[in-house]
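*Asks:* Next come the chains, spelled out residue by residue.
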Amino acid sequence: MNFDFSDEQLALKDEARKFLAAKCPPDRVRKLMDEDSPGFDPELWAQVAEQGWLGAAIPEEHGGLGLGYLELCCIAEELGRAVAPVPFASTVYFFAEALLRAGTAEQKAKYLPQVVTGEIIGTIASAEQAGPVSAANINAEVSGGKLNGVKMPVTDGVVAHHAVVLAKEGGKPTLYIVDLNGPGVSREAVNTIDRSREAARVEFKDAPVERLGEVGDGLALFEAINDRAAVLISFEQVGGADMCLEMAKNYALDRFAFGRQIGGYQAIKHRLADMYAKNVLARGNAYYGAWALNSDAPELPIAAAGARISASDAYWFAARENVQVHGGMGFTWEVDCHLHYRRSRQLGLVAGSARSWKHRLVTMLERRNAA
Amino acid sequence: MDFNDTPEEAEYRAKVRAWLEENAPRGVKGASLGDEDESQMDACKAWQAKKAAAGYAQIRWPKEWGGGGGTTIQSVIFAQEESRMGVQLGGPFAIGLGMCIPTVMATADDETKKRFVGPAVRGETIWCQLFSEPAGGSDVAAIRTRAIKDESSVDENGDFDWVINGQKIWTSGAHYADYGIVLVRTDPDAVKHKGLTMFWIDMKSPGIECKNIHQMSGARGFNEVFFTDVRVKDSQRLGALNDGWNVSIITLMNERASVGGGGGARGGGALKALQVAQKIRDENGDPLSNNTTVREKIAEHYVRAEGLRFTGMRSLTALSQGKTPGPEQSVSKLVQASAMQDLADFMVDLQDQAGIIRDPAHAVENADFQEMFLGTPGGRIAGGTDEILRNIIAERVLGLPGEIRVDKNIPFKDLPTGR
Ligand SMILES: Cc1cc2nc3c(=O)[nH]c(=O)nc-3n(C[C@H](O)[C@H](O)[C@H](O)COP(=O)(O)OP(=O)(O)OC[C@H]3O[C@@H](n4cnc5c(N)ncnc54)[C@H](O)[C@@H]3O)c2cc1C
Ligand SMILES: Cc1cc2nc3c(=O)[nH]c(=O)nc-3n(C[C@H](O)[C@H](O)[C@H](O)COP(=O)(O)OP(=O)(O)OC[C@H]3O[C@@H](n4cnc5c(N)ncnc54)[C@H](O)[C@@H]3O)c2cc1C
Numbered sequence: 001m002n003f004d005f006s007d008e009q010l011a012l013k014d015e016a017r018k019f020l021a022a023k024c025p026p027d028r029v030r031k032l033m034d035e036d037s038p039g040f041d042p043e044l045w046a047q048v049a050e051q052g053w054l055g056a057a058i059p060e061e062h063g064g065l066g067l068g069y070l071e072l073c074c075i076a077e078e079l080g081r082a083v084a085p086v087p088f089a090s091t092v093y094f095f096a097e098a099l100l101r102a103g104t105a106e107q108k109a110k111y112l113p114q115v116v117t118g119e120i121i122g123t124i125a126s127a128e129q130a131g132p133v134s135a136a137n138i139n140a141e142v143s144g145g146k147l148n149g150v151k152m153p154v155t156d157g158v159v160a161h162h163a164v165v166l167a168k169e170g171g172k173p174t175l176y177i178v179d180l181n182g183p184g185v186s187r188e189a190v191n192t193i194d195r196s197r198e199a200a201r202v203e204f205k206d207a208p209v210e211r212l213g214e215v216g217d218g219l220a221l222f223e224a225i226n227d228r229a230a231v232l233i234s235f236e237q238v239g240g241a242d243m244c245l246e247m248a249k250n251y252a253l254d255r256f257a258f259g260r261q262i263g264g265y266q267a268i269k270h271r272l273a274d275m276y277a278k279n280v281l282a283r284g285n286a287y288y289g290a291w292a293l294n295s296d297a298p299e300l301p302i303a304a305a306g307a308r309i310s311a312s313d314a315y316w317f318a319a320r321e322n323v324q325v326h327g328g329m330g331f332t333w334e335v336d337c338h339l340h341y342r343r344s345r346q347l348g349l350v351a352g353s354a355r356s357w358k359h360r361l362v363t364m365l366e367r368r369n370a371a
Numbered sequence: 001m002d003f004n005d006t007p008e009e010a011e012y013r014a015k016v017r018a019w020l021e022e023n024a025p026r027g028v029k030g031a032s033l034g035d036e037d038e039s040q041m042d043a044c045k046a047w048q049a050k051k052a053a054a055g056y057a058q059i060r061w062p063k064e065w066g067g068g069g070g071t072t073i074q075s076v077i078f079a080q081e082e083s084r085m086g087v088q089l090g091g092p093f094a095i096g097l098g099m100c101i102p103t104v105m106a107t108a109d110d111e112t113k114k115r116f117v118g119p120a121v122r123g124e125t126i127w128c129q130l131f132s133e134p135a136g137g138s139d140v141a142a143i144r145t146r147a148i149k150d151e152s153s154v155d156e157n158g159d160f161d162w163v164i165n166g167q168k169i170w171t172s173g174a175h176y177a178d179y180g181i182v183l184v185r186t187d188p189d190a191v192k193h194k195g196l197t198m199f200w201i202d203m204k205s206p207g208i209e210c211k212n213i214h215q216m217s218g219a220r221g222f223n224e225v226f227f228t229d230v231r232v233k234d235s236q237r238l239g240a241l242n243d244g245w246n247v248s249i250i251t252l253m254n255e256r257a258s259v260g261g262g263g264g265a266r267g268g269g270a271l272k273a274l275q276v277a278q279k280i281r282d283e284n285g286d287p288l289s290n291n292t293t294v295r296e297k298i299a300e301h302y303v304r305a306e307g308l309r310f311t312g313m314r315s316l317t318a319l320s321q322g323k324t325p326g327p328e329q330s331v332s333k334l335v336q337a338s339a340m341q342d343l344a345d346f347m348v349d350l351q352d353q354a355g356i357i358r359d360p361a362h363a364v365e366n367a368d369f370q371e372m373f374l375g376t377p378g379g380r381i382a383g384g385t386d387e388i389l390r391n392i393i394a395e396r397v398l399g400l401p402g403e404i405r406v407d408k409n410i411p412f413k414d415l416p417t418g419r
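Taken in sequence, the protein lines are chains F and W. Numbering-wise, this note's numbering puts 58 at position 58 of the first sequence, and it's gapless, one number per residue. Numbering-wise, this note's numbering puts 244 at position 244 of the second sequence, and it's gapless, one number per residue.
Since the hints were made in silico from the structure, they are not lab data. Among the clues, some could well be false.
Which bits of chain W does chain F cover? Going by a derived footprint, with three or more residues having C-beta under 8 Å, they are [claimed, not checked]:
(1) 2-13
(2) 274-282
(3) 287-297
(4) 310-319
(5) 384-393
(6) 400-409
Because the structure is a prediction, the values reported are computed rather than measured. Beta carbons: idealized from backbone N, C-alpha and C, even for Gly.
In isolation and in its complexed conformation, chain F is listed as follows (with noise of 0.2 Å):
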């Protein structure tokens, strides 16, 4: 047993955050966040590319890296941390682990490699309406080839190339990749609670569809790229809640009131305790999900959702804890606590809610308990 990463994935990640220190501060994300259109920072991501961040786990022969998920993780530790304003999830978590499962040798070949320069910004189309991603709120419906329906939120979806979109055939739930820039296709951006990620509704009339996997097996892709996903997306909430951790804790140092820094109150001692508790268990669940995706052990799904609700349970709690630590100023545009506040959020979303999660965790541990 080895529980911890390498020397080698460390010196990555400390790398990875000494870069976006530089190339993502806070004020950055915060002026992008000013913007009209805000939610994306195309300076950034093509660095990010230039990176090779982009191929980290993709393997050689598509362009990537090939370097694995242990690395990936430590990247998205850092993204998470910086709260970086760039498609890196939609494209890498979801688009590009969508082909990577279910896509044939000419898909992988067709997109990959321009995953990797950065030059295609992929996401996934999944959501209709409010409530969980299921067979049953699926309205999305492909016949003869062309697809018709709305998708909405979809995450990066106005700036997006490409979309791995849920829909049904035959009554049947599929995956397919669809051109966001090609007929049939409209989209309009929608405000969200985070504004350093832009999203979109989407509207598909007559679109035309490349299917991805078998007719019929898209809820179950679909939920083996969620489970890689949340592990991924869990390491940029640890990473978000530990740099909560530090700000609060930074300020409490910093702040006086009634004579004494306000870090030597109880109150705020015992809470930032916690928010540490918090964390260390989240990145505890967040590691194992890391060694299941690396080694796609069967344990994968279980592990994908301790880490999912554990990590989502501790960035909320650090967001808004670190807002309350900071008082009014918590409250401010100009003092970065937001941006925390709402990225945690998002991400507590994204790969759908801890809710939904912690009931299909329990159905898991159900199916163990009857084997």
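Mind docking chain W with the ligands on chain F? Use the hints.
*Replies:* Frame of chain F, contents of chain W with the ligands only:
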């Protein structure tokens, strides 16, 4: 990163498993820390002796001290397999081997170590920890039990007697312990942390009186221990005179360094909780496990317990690579204690009116959850309260300011006292 056993670990696990299959006692209800059932003591001692003879007691300790001469990972593998077999007979030895003996090993001369370590490892002797007093549990340095040097007792070797008077409280296992380590005040004119000294003590010494305390759970695991003119030799001193505070830190560090994740089962009690919820019917006659709130709670318990298990494994990884583990293990007891109490309360609530039944003949799961309900408050107090642990994390891990101290730079005898 690899969660699976290495080939060597797998081999060791197989060996341990085979040995346990052959040797582990079956069907003995074990004793847990703090509420030892004395009728189980013989079984506990026999099992400890058997483990020691096979090199499975204190696996990490050198063979010359009666240990197994093995690695930290091996000791965890053994604990996992022992717990898988349902054997829980280590309770009476936990304080001695986990805290007292390590303190002896860190401070005593070779002769003393030879005398005590081996027998303790073999389960022949049981130790207790005499720190807390009515005057201070969290604030251990506030203790008042006094040791005064008897000048008339100096012998030809320069050894002499200390005479102890005072009272300890909450001493787990004192009623059956053979020895203890006791923290006493030797200099009341010094500031409170500077006038304490640690001794080992024979619990059969004249003048020690043990009064069992009835716990809220109904168990009788801890005691008041009264000292009336109890004599200890200066040669029983552990560490320097008036350096008892630093020695007590060795004890408490050992307590906290006992790496978690060892025997911890997957998902803690959550899998059992799910099984129970599957058997209870709700308002519509469906299993309670179909209820959304119930499912969410079970998931939360599972994930929290797993988080603790994996955190233990992170520390273990560091230890096994010869690195110092990070501070992450410091959350373990804090999280665990409340988690157990929450789980017990949740499980009792699931049973609706029947949740009050503690009679094993009629209760769900032999009243395990009712016992847990009544026993878990102690976990949040013993070995550092929740509040003290949060202070420690905030101050030592996060670097936040210490508490305001009104007792600094004042001689102990001049400090204000409450009830
Ligand atoms: C929406 C909004 C509207 C407002 N409107 C007005 C207004 O109209 N007029 C006006 O005068 N003010 C107004 N305020 C200011 C508000 O009263 C202060 O923000 C609030 O009193 C906290 O003070 P602070 O921001 O300086 O935080 P601090 O006092 O610096 O507190 C920072 C953190 O430390 C904690 N803390 C501080 N002291 C202690 C202690 N002794 N023990 C434990 N924890 C402690 C706080 O609870 C907080 O979590 C407004 C604030 C907001 C958010
Ligand atoms: C089951 C059990 C077994 C035990 N076994 C042993 C044993 O074998 N040997 C031994 O020596 N002791 C033992 N103890 C004693 C244990 O160490 C003490 O009970 C514990 O340290 C708390 O001390 P106290 O009971 O004096 O409570 P107090 O210290 O009086 O605390 C009362 C309350 O005040 C809070 N408090 C105290 N100081 C602070 C602070 N600075 N900030 C915030 N809150 C504070 C505490 O958290 C607690 O909630 C045992 C206790 C239990 C419950």
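*Asks:* Are the hints correct? Go through all of them and say.
*Replies:* These are the hints, each one checked on the structure:
1. Judged by the Cβ-Cβ criterion of 8 Å, the region 2-13 of chain W is covered by chain F as claimed, because 6 of its residues qualify and three suffice.
2. Coverage of a stretch by a chain is defined here by at least three residues with a beta carbon nearer than 8 Å to that chain's beta carbons; for the region 274-282 of chain W and chain F the count is 3, and the condition holds.
3. For the region 287-297 of chain W, the stated coverage by chain F is satisfied: 4 residues place a CB nearer than 8 Å to a CB of that chain, which reaches the threshold of 3.
4. Figure legend: the region 310-319 of chain W, annotated as covered by chain F; annotation consistent (7 residues with Cβ-Cβ distances under 8 Å, at least 3 required).
5. Here's how the region 384-393 of chain W fares: 5 of its residues keep a CB closer than 8 Å to some CB of chain F, so the rule of at least three is met and the hint holds.
6. For the region 400-409 of chain W, the stated coverage by chain F holds: 5 residues have a C-beta nearer than 8 Å to a C-beta of that chain, and at least 3 were required.
Against the hints set out earlier in the document, no violation occurs for any number.
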